[in-house]
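Trainee: As a plain string of letters, each chain reads:
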Amino acid sequence: MEGWAGKILDIDLTSSSINTVPLDMKMARLFLGGRGLGGRLLWDLVGPNVKPLDPDNVLIFSTGPVTASSIQTSNRFNVSTKSPLTGTLLHANSGGWWGMQFKRTGYDVLIVRGKADKPVLITITPEDVKIEDAGHLWGKTVFETTETLGQNRNKRNVLCIGPAGENLVRIAAIMNDKERALARGGPGAVMGSKNLKAIVVEGQERNRPADKEQFKFMQYETRKLLKANPITSQAFPEFGTAVVLNVVNEIGALPTRNFQQTQFEHAEKISGEAIADKILVKNQACWACPITCTRITKTSSGKEGEGPEYETTWAFGAQCGVDDLELIAETNYLCNDFGLDTISMGSTIGCAMELAEKGFIDADLRFGQGEKLHDLIRDTVFRRGLGDDMAEGSYRMAAKYGAPELSMSVKNLEMPAYDPRGMQGQGLVYATSNRGACHETGNMLGPEVLALPRLIDRFATQGKAGIVSVHQDSAAVIDSLVYCKFVDPAIGVDFFARTLTAVSGIYFTADDLMKAGERIWNLERLYNLREGFTSVDDNLPDRLLNEPVAEGPSKGFTSKLAPMLEEYYQFRGWDENGVPRPEKLKDLGLADLLDVTT
Amino acid sequence: MIDQRLYEEFRYIGRDIFVTGLTSSHGGNMSVRVGNKIIIKRRGAQFGQLKPTDFVVTSFQGKDSGIIRASTELIVHRAIYEKTSALAIIHCHPRTAITLSLSRDEIIPIDNEGSYLLRKIPVVTVEMASGSMEMANIVSEALRGYKIIMQRGHGCFSIGQTLEEAYHWVSTLEEVSDIILEHKLLGEPLIEYRKHSESYKNW
Numbered sequence: 002m003e004g005w006a007g008k009i010l011d012i013d014l015t016s017s018s019i020n021t022v023p024l025d026m027k028m029a030r031l032f033l034g035g036r037g038l039g040g041r042l043l044w045d046l047v048g049p050n051v052k053p054l055d056p057d058n059v060l061i062f063s064t065g066p067v068t069a070s071s072i073q074t075s076n077r078f079n080v081s082t083k084s085p086l087t088g089t090l091l092h093a094n095s096g097g098w099w100g101m102q103f104k105r106t107g108y109d110v111l112i113v114r115g116k117a118d119k120p121v122l123i124t125i126t127p128e129d130v131k132i133e134d135a136g137h138l139w140g141k142t143v144f145e146t147t148e149t150l151g152q153n154r155n156k157r158n159v160l161c162i163g164p165a166g167e168n169l170v171r172i173a174a175i176m177n178d179k180e181r182a183l184a185r186g187g188p189g190a191v192m193g194s195k196n197l198k199a200i201v202v203e204g205q206e207r208n209r210p211a212d213k214e215q216f217k218f219m220q221y222e223t224r225k226l227l228k229a230n231p232i233t234s235q236a237f238p239e240f241g242t243a244v245v246l247n248v249v250n251e252i253g254a255l256p257t258r259n260f261q262q263t264q265f266e267h268a269e270k271i272s273g274e275a276i277a278d279k280i281l282v283k284n285q286a287c288w289a290c291p292i293t294c295t296r297i298t299k300t301s302s303g304k305e306g307e308g309p310e311y312e313t314t315w316a317f318g319a320q321c322g323v324d325d326l327e328l329i330a331e332t333n334y335l336c337n338d339f340g341l342d343t344i345s346m347g348s349t350i351g352c353a354m355e356l357a358e359k360g361f362i363d364a365d366l367r368f369g370q371g372e373k374l375h376d377l378i379r380d381t382v383f384r385r386g387l388g389d390d391m392a393e394g395s396y397r398m399a400a401k402y403g404a405p406e407l408s409m410s411v412k413n414l415e416m417p418a419y420d421p422r423g424m425q426g427q428g429l430v431y432a433t434s435n436r437g438a439c440h441e442t443g444n445m446l447g448p449e450v451l452a453l454p455r456l457i458d459r460f461a462t463q464g465k466a467g468i469v470s471v472h473q474d475s476a477a478v479i480d481s482l483v484y485c486k487f488v489d490p491a492i493g494v495d496f497f498a499r500t501l502t503a504v505s506g507i508y509f510t511a512d513d514l515m516k517a518g519e520r521i522w523n524l525e526r527l528y529n530l531r532e533g534f535t536s537v538d539d540n541l542p543d544r545l546l547n548e549p550v551a552e553g554p555s556k557g558f559t560s561k562l563a564p565m566l567e568e569y570y571q572f573r574g575w576d577e578n579g580v581p582r583p584e585k586l587k588d589l590g591l592a593d594l595l596d597v598t599t
Numbered sequence: 037m038i039d040q041r042l043y044e045e046f047r048y049i050g051r052d053i054f055v056t057g058l059t060s061s062h063g064g065n066m067s068v069r070v071g072n073k074i075i076i077k078r079r080g081a082q083f084g085q086l087k088p089t090d091f092v093v094t095s096f097q098g099k100d101s102g103i104i105r106a107s108t109e110l111i112v113h114r115a116i117y118e119k120t121s122a123l124a125i126i127h128c129h130p131r132t133a134i135t136l137s138l139s140r141d142e143i144i145p146i147d148n149e150g151s152y153l154l155r156k157i158p159v160v161t162v163e164m165a166s167g168s169m170e171m172a173n174i175v176s177e178a179l180r181g182y183k184i185i186m187q188r189g190h191g192c193f194s195i196g197q198t199l200e201e202a203y204h205w206v207s208t209l210e211e212v213s214d215i216i217l218e219h220k221l222l223g224e225p226l227i228e229y230r231k232h233s234e235s236y237k238n239w
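The listed protein sequences correspond, in order, to chains A and B.
So for the first sequence, our numbering puts the first residue at 2; every next one is plus one.
So for the second sequence, our numbering puts the first residue at 37; every next one is plus one.
For reference, chain A alone in the conformation it holds in the complex:
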């Protein structure tokens, strides 16, 4: 294969049918792969009449044209589905080895439809695809399942759900390679609804570049820039993603106690530096990655595992008012074993803590009660008591108890670890993200805090819409090729275009890719419009719009979303209701989807 394998594996669990169909190469050139291609296929397969946990919803596992090519970070893959948490189009992606291994089975995409009548697992090799009984695995945790199925890092890779997915918890993740997660929006619940426990892949085919000399040059240049950049060569390897925790706290943008404050007084205790000092055993890399941001950690009780990442450290730390780093690390291991999105889990617990403190729920629960985290998580996974409400995510839980405004979410997806009152552009990112509040679809940490590519005023609003849009489009490109976003500080879309050209033999410019990113973003917008979402849903929690920060470097600020949103719709070529104008869709090659806008 040169970029694309040209094949889709299409499995219907209801009928146990297995089919191989050709990949539409015109579609592939327009939507690239990964998130873009997954979204486009979802458009055709899952309409507004399908509920997320119905058998008619599908799981689309998609790789990109650079996946398994051995260009740096080419290990990642995507899942697209309709989210049981948000009702929007959902895309989630993950690293590790599974994506590379799946591509080596000779397929670009795996579509899973229907529902098996009993628990099953799928095994895929270049020669054979099997659907087998998985009754013996149902009820087992992620770690048990992964080991039972013979995970072997470079040869045989396991993707599965844990009890959270089986129990249709709306914040359940799909896990791969034991501790990597397709986390956000509840894809694990969709997999559970299909009685699909695991997918095992063993591949041997190669993604060989069409232009070997140019590819070698791009590999060399990419390595050179990753080594030269202090974030990719020093900060991430040394401290992991939690390297930003102290920085975000210092500027007054670290959400604390369910976004009631923007600085956590014990931030240093849970920072990347503290992880490196106290619990780090070693760092580790995904396949073909020189950055090595993964933390292998061990607590004093002898428990060992991956992480915690920045967002997880925040979610069970500042968000819940907890400063016990070892407890946070063990909570992360527990969530990985159950198959849970740690951001949504931690944020939902923080929301429950505020609901209890303010008397909306009758529970002995307060901020800072770290000792209750594990029981709350088990109750969520097995849907016991308050945990049954938490399994629905923070918005449904808070709404049930009469205080939906205490859910710190957008489109029902819990916000990650940046307070928009201290980073105005980030508020626009959250409000407009197609999968709900998300930092992976155009994070403004770069321009507003880290000076990537240049430092801009984090409190300014004019001009932010353009920068947010460009970052959203480039993130869509990265998620569709599929690269890891952590190369972004060092290399940009011009590198991606030249590498894709070398891999596929098809000429792409940087702006061909940016156009593809914009196309993907508009496709996702159209999908959500077709589902009934409107501009009203491009919003932020009332707290962020109307409660000024009480103290610290962001003191006095609220999110000034309205002027940014107006400018954003204009920049995007959308009307005042946030609907893409016909001429914009025609320009992007989406004219065939025009019906949804009329």
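By construction, these hints were calculated from the structure, which means they are not laboratory data.
This list has only true hints and no planted wrong ones.
Straight-line Cα separation of at most 20 Å, DMTMM-like style, residue types lysine to aspartate or glutamate; simulated pairs:
id	chain 1	residue 1	chain 2	residue 2
1	B	Lys119	A	Asp513
2	B	Lys73	A	Glu567
3	A	Lys225	B	Glu228
4	B	Lys237	A	Asp212
5	A	Lys228	B	Asp147
With chain A held as given, fit chain B onto it using these hints.
Mentor: For chain B alone, coordinates are given in the frame of chain A:
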């Protein structure tokens, strides 16, 4: 329409471009894209002495009277915003880069910083005068694959997410060009220190 923060950015970058000799007193132009509008330096305003009244806010697609005061090359800026993801554009007249463009079809840096940041700067030829549709098409098409390009005998067009980023590429281009020229004047053979440097030609 133009807020204080944005004005300050125009002002200090315009000043720096002039005092570092990257353009003559009135030559060149700058713009940013905000929403569906372009904010561009007015025609004839001095780069080093920009005032809040020296800017024109015009539509992205055209069809407004603001163009009567805008820079001659507004049409080029519009085409660039149309065809690329640029949010800011600087056009100016860096002398050494213009000198090199008179005899080369591309400027390939020989210094480390320039190689790292730019790798190659293509040179395009435009027959018609500044502000022509021909120029708009050729320049905007070239910028789809590069962050800065040279128009032969005229000047550079540089793009970025901010004016500061676009300015960085202009400043780097002129440094690159000065080094190439001085090395040529020195007349000694280049000792190549960059692996795969021959591939920069294909960038």
